[in-house]
Amino acid sequence: MAQQDFSKKKALLIEDMAEARIMQRKMLTDFGFTSIDIAMKAETAIELLRNKSFDVILSDYNLGNGKDGQQLLEEVRHSKLIPNTATYLMVTAETSIEMVMGAIEYQPDGYITKPFSQAVLQRRLSKLLETKERLYKVNVALDANNFEEAIIAAKQVMEKYPSLIGKCERIIGESLLEIKEYKKALSLFKKTLKSRKMPWALFGKAKSYFLMGELDKAEQNFRQLMLDNRFFVSAYDWLAKIQVIQGKCEEAQATLIEAIGRSPKNILRQMELGNISLSLNDSTTAEMSFRRAVFLAKYSCYNTADVYLKHLESLARISDSGPLLPRQKDNFNSTLKKVHESFFDDQNNKAKAYSYEIDIYLADNDISTAKQIFEAWLSEVKSGSAIAPTQQQSSVYAKSFGS
Amino acid sequence: MKKIDISTILASAIHESKNQVGTLLYQLQSLKDAMGSKDSNQKKIIQIEESLKKLNDEWVEYLYLYRLASDGYDLHVDTFLLDEFLDDQVFALQPSAIAKSLELEYSCDTNLTGIFDERLMTAVVSTAVYNALRFAKSKILISAKQENNFLIIAIEDDGEGFKQADTDEQPEEFLEGNTGLGLYFAELSATAHVVNDVRGFIKKESSQNLGGASLTVCLPQPADEEF
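Line order of the protein sequences matches chains A and B. Its first residue numbered 1, the first sequence is counted upward by one per residue in this note's numbering. Its first residue numbered 1, the second sequence is counted upward by one per residue in this note's numbering.
For reference, chain B alone in the conformation it holds in the complex:
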């Protein structure tokens, strides 16, 4: 028998499973609609729904990760208004934050625009926020700014922050009890963005605003005079 590439098989298996999660989510939606908001099981259902959504988002991340790592991903960049982009992210992730009684907000200049791959950055931001949801005490902040021809998107929380060792050479610790895939994914996504031979990158820091951890994703932008 011809030897088959196991990562390709895993990727398509994930895809199959992801579709099933989608079907479950639809069914849950009908159940929720049929049940009415007063029902005592409503809270439980919402929890299940949030877990399934998270599962779905994680599998999306793994699929992109697979493509990025196997060079099978075509980057599709476009110009976005960051106010809209971050508003979308908060809108999608807000229910998960509410379910954990955490605040999730964003801040950026209302006129700030950036050039990036929307789907990748959506997956990166949601991965980072899901991670922050596990460590934050009360608050998570997503912010964006432009600095020296880089668009900088930061996800910060008010948790314990990175352990000292993490900020050096052991990214595995970043996702406690996890494999560090999230960070690796963020890094691959950032470095996939290239402008005039300048590559994107990520930084793990302490949050200046909230005191916890801060993950910043830096994406190269064209110089102003070229624009």
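Okay, chain A solo, but in the shape it has when bound:
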């Protein structure tokens, strides 16, 4: 194993416990890191990752009350906040390692179990960085969304380094899915499964069937994954997708509620449940999901207008059957405030926010306030900064205002 030069690598250390943090920072300094940023929780880490690039991320699984290390990893990998060329090393305890290993879809590049000595950490990091170097071309291609190139590079790597066969096969299979070569991907995953019962291969097989439109086979494989891996909650998300396509929205809703029971902090899952619930006219469940999503969005990569507007919409739909409770009204106003603060420079967002606000005041029978808001909206339309109300909206309002 080649000795790694860590002095030019930029490290991010994420650890909530002071004692462990000091110890790990000392270890990293001792074996040559000169650039080490520190985050005490996932939310701070996301801010740092947004503004700076890192080569090595050393994150504890357990990060106190906020997101855990696995959720952080999933979010930053999904939103491509860190490139594939960067190394993510998860620090785990014996009990949390199952959650990390069971996550299948987004796994860290490596893990290290507490307690570990400086020598063990140095060795683990050296090896991981060496593997990253071997896969460099593959990862650069993946980061550029050049999947054909990634496949070619991965084939070369696995010929040269047989121990990387598993990693390379997985990359090839998933790249084939990206370029819509579903049949090829399926046969690759099947081939892997024949010799090794790798969860990622079963996941790949299930996704291939899903993308080929063979929903029954896909469902069967996702259900198998759920049985095999108690901690792989994403399988529920996929199952819900299948149920939506099959028009079984109630079942999809139940599936997502179960998934959220297991893993409540995933914002995209909360959004999905909210959307399905809205489509089922179940505005109470929708409101609960979007309220949670709003809470989770603040320090997340998915801090988009949609999260907040959907929450407003769900409250507006609740108000269709009567005035909001004071608590619900508070929720509405606090989310509306966030829209005003962060997302009010968009014409569409403005129009949506105004319409939901009018709905709320009309439900309260507060005609004059509703009217004022409508006029404010119209004047924004005149100045070109908001989309105009639809004909249907205008006629509903006209009727309600009684003029």
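To be clear, the hints were calculated from the coordinates, so they are not data collected in a lab. These figures come from a predicted structure and were not determined experimentally. Cβ coordinates follow ideal geometry from the N, Cα and C atoms, glycine included. Just to be clear, a hint being listed does not mean it is correct.
Coverage of chain A stretches by chain B, computed from C-beta distances (three or more under 8 Å per stretch; other residues unrestricted) [stated by the list, open to error]: (1) 89-95; (2) 98-105; (3) 214-224.
Short, incomplete list of chain A residues facing chain B, as computed with Cβ under 10 Å [said to hold, decoys possible]: (4) V120; (5) M198; (6) Q393.
Based on these hints, arrange chain B on the given structure of chain A.
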């Protein structure tokens, strides 16, 4: 009151204690750093450190044992280069061997790869090596090879070897003054590995290379043509 499953309680108690051992190890590390290598107490500290590490590894073993025995363990296999895997094991266990003035080495074909659960096999190898450390006179050897679609990992020493009775039906004697948990753990770990309905297994033998005891762990591998 609802009756509680005592093994679950014990498992979480072990987990708590293991975390405390981890904290002790960190504190010891700072003490060692502060003290400098010339200090006469250094040797004592290293002994304490090795004992704590062993304690930690044993508790890891018990935790896995609990999960394997209660069917709560999800096997996670991957492909590994044995040269790297065994090098890791020797690296982690070398200080314990040095503290007892014993040699610890590994040997295998540099291109040999195998498919197994890394965490389980790490715990199995360390359990076997800790055991060998108690019996070896001068040397312990870890080796790996592929034979008839099995990956065979052997831990051998140059001690007295298994007593005659042990090799039959009394595995309790394997860990003298111990409960035989180590061997039971190795067996459960091996049998958890299944390929096309073929299960893994363990063997207790005399060491051909060193004359002492040999524990071999045999893990089924996919047939070559399938690969």
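To see whether the hints hold, each was checked on the structure:
1. 89-95: n = 3 at 8 Å, threshold three: holds.
2. 98-105: That given contact holds, which follows from 3 residues of the segment 98-105 of chain A lying within Cβ reach (below 8 Å) of chain B.
3. 214-224: violated (count 0)
4. V120: At about 7 Å, which falls below the 10 Å cut-off, the nearest Cβ of chain B leaves the hint on A:V120 intact, so it holds.
5. M198: For A:M198, the interface hint holds, since the closest Cβ of chain B sits about 7 Å away, which is under 10 Å.
6. Q393: violated (53 Å)
In this structure, the hints that do not hold are numbers 3, 6, in rising order.
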